[in-house]
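Given only the sequences and the hints, what does the whole structure look like? Please build it.
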Amino acid sequence: MLSAQERAHIAQVWDLIAGHEAQFGAELLLRLFTVYPSTKVYFPHLSACQDATQLLSHGQRMLAAVGAAVRHMDNLRAALSPLADLHALVLRVDPANFPLLIQCFHVVLASHLQDEFTVQMQAAWDKFLTGVAVVLTEKYR
Amino acid sequence: MVVLGEMKRKVLPLHFLQFMRLLVVYPWTQRFFDSFGNLSSASAIMGNPKVKAHGKKVLTSLGDAIKHLDDLKGTFAQLSELHCDKLHVDPENFKLLGNVLVTVLAIHFGKEFTPEVQASWQKMVTGVASALSSRYH
Numbered sequence: 001m002l003s004a005q006e007r008a009h010i011a012q013v014w015d016l017i018a019g020h021e022a023q024f025g026a027e028l029l030l031r032l033f034t035v036y037p038s039t040k041v042y043f044p045h046l047s048a049c050q051d052a053t054q055l056l057s058h059g060q061r062m063l064a065a066v067g068a069a070v071r072h073m074d075n076l077r078a079a080l081s082p083l084a085d086l087h088a089l090v091l092r093v094d095p096a097n098f099p100l101l102i103q104c105f106h107v108v109l110a111s112h113l114q115d116e117f118t119v120q121m122q123a124a125w126d127k128f129l130t131g132v133a134v135v136l137t138e139k140y141r
Numbered sequence: 001m002v003v004l005g006e007m008k009r010k011v012l013p014l015h016f017l018q019f020m021r022l023l024v025v026y027p028w029t030q031r032f033f034d035s036f037g038n039l040s041s042a043s044a045i046m047g048n049p050k051v052k053a054h055g056k057k058v059l060t061s062l063g064d065a066i067k068h069l070d071d072l073k074g075t076f077a078q079l080s081e082l083h084c085d086k087l088h089v090d091p092e093n094f095k096l097l098g099n100v101l102v103t104v105l106a107i108h109f110g111k112e113f114t115p116e117v118q119a120s121w122q123k124m125v126t127g128v129a130s131a132l133s134s135r136y137h
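As they're listed, the protein sequences go chains A and B. Take the first sequence: its position 106, counting from 1, is numbered 106 in full-length UniProt numbering, and each next residue is one higher. Take the second sequence: its position 66, counting from 1, is numbered 66 in full-length UniProt numbering, and each next residue is one higher.
Simulated from the structure, these hints should not be mistaken for lab results. Even for Gly, the Cβ is constructed at its ideal location relative to N, Cα and C. Treat the hints with care, since some could be wrong.
As the list claims (entries may be wrong) - Calculated cross-link-like contacts (lysine-lysine; reagent style DSS-like; alpha-carbon spacing at most 30 Å):
1) K127/A <-> K57/B
2) K127/A <-> K52/B
3) K139/A <-> K95/B
4) K40/A <-> K123/B
5) K40/A <-> K111/B
6) K56/B <-> K127/A
As the list claims (entries may be wrong) - Not close to chain A: a few residues of chain B, all C-beta gaps over 12 Å, as computed:
7) P49
8) H54
9) T60
10) S61
11) T75
12) L82
13) H137
To be verified - To give an idea of the interface, some chain B residues facing chain A are shown, with a C-beta separation under 10 Å as derived from the structure:
14) V25
15) A42
16) V100
17) T114
18) P115
19) E116
20) A119
See the structure below:
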């Protein structure tokens, strides 16, 4: 499903994020809560106090999972199975929210990487994250 | 709104060429542009003169939106009818275009494109998308 070129672009984007998972993750969450306030319902403690330490910690966790997805982009289902269970049984985040998170992810990348964030990278990354979202929600029913 | 006005002055002359990222990131949107010629690759799309011209037209129209934020539905009434009756564009595409525009702005403004600024722009493009679909029937 992912071409060799797309895989290369995805890896390229990840290389620019790796090492900064906490910072990028925290900004991702901050943008999500600011731009799409309804998403805060899924993070009641986090979004209420917006404590920097907690945002960094949760951001780190989320981006670490994205990193795992990048490392296993040929077998997302297996790699993300525990997370898929978590989302289906515990978190039950409505699937409509994933595109909102993905949009914020693009904006984080765009504002940090600027011209380095080429249209090919954006296309490949969007395709990849959409695939991750499908896997995370496919055990819902 | 001051921020939007300021940004409009900076944005319109720049990067409208990048605007048609939509056609690359969401290739199914190319369905509306069969007459545009070569859209076979990212570089073909970004270098296509008809794409550039259309990008400029759309961005100018968005510039009008910024001037009439209090009456987007009125401002876009005719364009809405056009997109429904003549162009047959699924309104979902307006959301996609709005989102791509926001990422292009983020590229241009970098750190200045704070979460609050993003929120204002997302709100605006949502308003434009809503106005453009308001006359659909």
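Consistency of the hints with the structure:
1. K127/A <-> K57/B: Since the Cα atoms of K127/A and K57/B sit roughly 28 Å apart, the hinted pair holds (cutoff 30 Å).
2. K127/A <-> K52/B: 24 Å, holds
3. K139/A <-> K95/B: 27 Å, holds
4. K40/A <-> K123/B: 17 Å, holds
5. K40/A <-> K111/B: 23 Å, holds
6. K56/B <-> K127/A: 27 Å, holds
7. P49: Non-interface label stands for P49/B: nearest chain A Cβ at 17 Å, farther than 12 Å.
8. H54: 16 Å, holds
9. T60: Given that every Cβ of chain A is farther than 12 Å from that of T60/B, nearest at about 21 Å, it holds.
10. S61: Holds: least Cβ distance 22 Å, greater than 12 Å.
11. T75: 24 Å, holds
12. L82: Label holds. Min Cβ-Cβ 27 Å, cutoff 12 Å.
13. H137: Answer for H137/B: holds, closest chain A Cβ roughly 25 Å.
14. V25: Hint on V25/B: holds, closest Cβ of chain A at ~4 Å, below 10 Å.
15. A42: 5 Å, holds
16. V100: Holds - the Cβ of V100/B comes within 10 Å of chain A, reaching about 8 Å at its closest.
17. T114: 8 Å, holds
18. P115: 4 Å, holds
19. E116: Hint on E116/B: holds, closest Cβ of chain A at ~6 Å, below 10 Å.
20. A119: 5 Å, holds
Hint compliance for this structure: no hint is broken.
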